[in-house]
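Asks: Read off the chains here:
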Amino acid sequence: MVDTSIEGHEAVRVRFRGGGFDPDSRAWVSWAFFALLLIVWEAASRARLVDPLFLPPPSQIWKALEDMTLSGELARHLGASLLRIGAGWLIGTVAGILLGGLIGLSWLGRSAGLPFISALFPVPKIALLPLLILWFGIGEASKVATIALGVFFPMAVSTYAGVDNVPRNLIRMAQSFNVPFPKIILNVVMPAMLPSVLSGFRISASIALILVVSAEMIGANVGIGALLLTSGNLMQTDQLMAGIVAIAIMGILIGALISWLERMLLGWR
Amino acid sequence: MAFELVVDRIHHQFGTLSVLEDITFTLRQGEILAIVGPSGCGKSTLLGILGGLLRPTRGAVSVRGSLPRDSLNPFTYIFQDFALLPWRTVAGNIRMPLEHHPLSRAECRARVEDALARTGLTDFSRALPKQLSGGMRQRVGIARALVVRPAVLLMDEPFSALDAQTRDLLMDDFEAIWARESTTAAYVTHNLHEALRMADRVLILRRRPGRVREIVPVTIPRADRRAAAARQEIDRLYEQLWSHIRQEAQIADREMTDG
Numbered sequence: 001m002v003d004t005s006i007e008g009h010e011a012v013r014v015r016f017r018g019g020g021f022d023p024d025s026r027a028w029v030s031w032a033f034f035a036l037l038l039i040v041w042e043a044a045s046r047a048r049l050v051d052p053l054f055l056p057p058p059s060q061i062w063k064a065l066e067d068m069t070l071s072g073e074l075a076r077h078l079g080a081s082l083l084r085i086g087a088g089w090l091i092g093t094v095a096g097i098l099l100g101g102l103i104g105l106s107w108l109g110r111s112a113g114l115p116f117i118s119a120l121f122p123v124p125k126i127a128l129l130p131l132l133i134l135w136f137g138i139g140e141a142s143k144v145a146t147i148a149l150g151v152f153f154p155m156a157v158s159t160y161a162g163v164d165n166v167p168r169n170l171i172r173m174a175q176s177f178n179v180p181f182p183k184i185i186l187n188v189v190m191p192a193m194l195p196s197v198l199s200g201f202r203i204s205a206s207i208a209l210i211l212v213v214s215a216e217m218i219g220a221n222v223g224i225g226a227l228l229l230t231s232g233n234l235m236q237t238d239q240l241m242a243g244i245v246a247i248a249i250m251g252i253l254i255g256a257l258i259s260w261l262e263r264m265l266l267g268w269r
Numbered sequence: 001m002a003f004e005l006v007v008d009r010i011h012h013q014f015g016t017l018s019v020l021e022d023i024t025f026t027l028r029q030g031e032i033l034a035i036v037g038p039s040g041c042g043k044s045t046l047l048g049i050l051g052g053l054l055r056p057t058r059g060a061v062s063v064r065g066s067l068p069r070d071s072l073n074p075f076t077y078i079f080q081d082f083a084l085l086p087w088r089t090v091a092g093n094i095r096m097p098l099e100h101h102p103l104s105r106a107e108c109r110a111r112v113e114d115a116l117a118r119t120g121l122t123d124f125s126r127a128l129p130k131q132l133s134g135g136m137r138q139r140v141g142i143a144r145a146l147v148v149r150p151a152v153l154l155m156d157e158p159f160s161a162l163d164a165q166t167r168d169l170l171m172d173d174f175e176a177i178w179a180r181e182s183t184t185a186a187y188v189t190h191n192l193h194e195a196l197r198m199a200d201r202v203l204i205l206r207r208r209p210g211r212v213r214e215i216v217p218v219t220i221p222r223a224d225r226r227a228a229a230a231r232q233e234i235d236r237l238y239e240q241l242w243s244h245i246r247q248e249a250q251i252a253d254r255e256m257t258d259g
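Which chain is which? The protein sequence lines are A and B, in order. Quick note: the first sequence uses our numbering, first residue 1, plus one each step. Quick note: the second sequence uses our numbering, first residue 1, plus one each step.
Treat the hints as calculated values from the structure; they're not laboratory data. Note that the structure is a prediction, hence the values are computed from the model and not measured. Note that beta-carbon positions come from the ideal geometry of N, C-alpha and C, so glycine has one too. Any given hint could be a false lead.
[Stated by the list, open to error] What follows is a set of in silico ranges between Cβ atoms, one per label pair, in the way DEER data are often shown:
(1) A:135 x B:131: 42 to 48 Å
(2) A:26 x B:130: 23 to 29 Å
(3) B:52 x A:112: 29 to 35 Å
(4) A:120 x B:102: 31 to 37 Å
(5) B:102 x A:265: 28 to 34 Å
(6) A:199 x B:161: 55 to 61 Å
(7) A:203 x B:131: 53 to 59 Å
(8) B:219 x A:199: 56 to 62 Å
(9) A:107 x B:102: 54 to 60 Å
(10) A:66 x B:130: 55 to 61 Å
(11) B:26 x A:265: 25 to 31 Å
(12) B:86 x A:48: 56 to 62 Å
(13) B:242 x A:98: 54 to 60 Å
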């Protein structure tokens, strides 16, 4: 029984106003939407609503993907691209983290490095490929250098942003215990900047993927970019789309790898 | 051999802003000195200068006598926001200040286990800070401070981030530790009740630029301060402190609000 001193009045419930602004993702909707898209695409293509020469149906793309996998052609192209991405990403990441760390930790590094980064970061790195070909030749080095340059800048920025965002109270705490400078870097700064560096990995991996395709389109016989360009020139749109699917899968796998790394290394958050 | 921490005519400026002016006092071994004053009067700055985290614009802090030889970090801070490394376990956080000292692994472990036991954290040694309540996190901060056997504890509002009940429990723990170990401490707080419960003397700072307005001794033994018999004297001291601070705090508040 509710305790009340007001008789003869009907109680009016207070209206709930706190809902919304909390979008939730449901996996089945994502899959259903994807399946619906494929079904509509397939149906439109079979009904000749779109010309299969320009947009082949998913079944034809799947067949091309299967054929290229069985013949080993896809592996040859993917292998070449992955090798370039791996080398370029590694060089760019190591150099970016080193410069970013210097910018974050030393006044000299900040004074010299920050204007350099600010000036060159916005330059599209693919625009440097002709220059890099002049410097390193048409072979692997120019493509790897393009990817390394593309990766270098976002890694440098995310590293120094990571160092800047290390909570100062943690550094003061370590200093208050007379922890030596190298140990502060190792035990405080490096773990604290890790989230930012891993975000940098995600961005730089996407950039590496874009650049490898672009560089291979300009000067390569093998690689996913070369496959796309050749298929386009020969109007083999099913193979072209298969190449695009391969890139998308590669992107998803790289993203999943970085997510796994984040789960492993940032479980403390 | 006893020691004293001598604070001699400290002035401090941030740019053109004068924060502290002519601060002079002595902190004696075994004494707990509370530092109170209106917001922005430079309490935390003064604490930073006492332990060498900030360099004063003028004046000096020096030690007269000799500090205990077994102290690995004579001036040890306990922070308001705990300052725990979130990627380390409780034991890892407590071990951190020992890692750059030439201690054997066994001694390191013994010190950490001792600090865990003294702060009631033994069962939580493998927990991460995010798994702990605010009170437990501050216990980790206290254990980390105790593990180096400090000569002087420098505490920057150590309870202000905690709720009232946790604060009370933690103060009980502190009282027990202090009673056992006769610790020397400088202790910044906004809370006058806290200051009167814990301190042997209360140093009152004026509003910015902070200057020593008065140092009020609290002569009632710490163990008796919550007894009914001490109530009248504690209330009198509270009124004395508040009368010093009230007007300054009002002016400081308006200064800050007016920007």
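Asks: Now look at each hint and say whether the structure bears it out.
Replies: Each hint tested on the structure:
no. : hint                      : in the structure
1   : A:135 x B:131: 42 to 48 Å : violated, 53 Å
2   : A:26 x B:130: 23 to 29 Å  : holds, 28 Å
3   : B:52 x A:112: 29 to 35 Å  : holds, 31 Å
4   : A:120 x B:102: 31 to 37 Å : violated, 46 Å
5   : B:102 x A:265: 28 to 34 Å : holds, 30 Å
6   : A:199 x B:161: 55 to 61 Å : violated, 29 Å
7   : A:203 x B:131: 53 to 59 Å : violated, 31 Å
8   : B:219 x A:199: 56 to 62 Å : holds, 57 Å
9   : A:107 x B:102: 54 to 60 Å : violated, 32 Å
10  : A:66 x B:130: 55 to 61 Å  : violated, 47 Å
11  : B:26 x A:265: 25 to 31 Å  : violated, 49 Å
12  : B:86 x A:48: 56 to 62 Å   : holds, 60 Å
13  : B:242 x A:98: 54 to 60 Å  : holds, 56 Å
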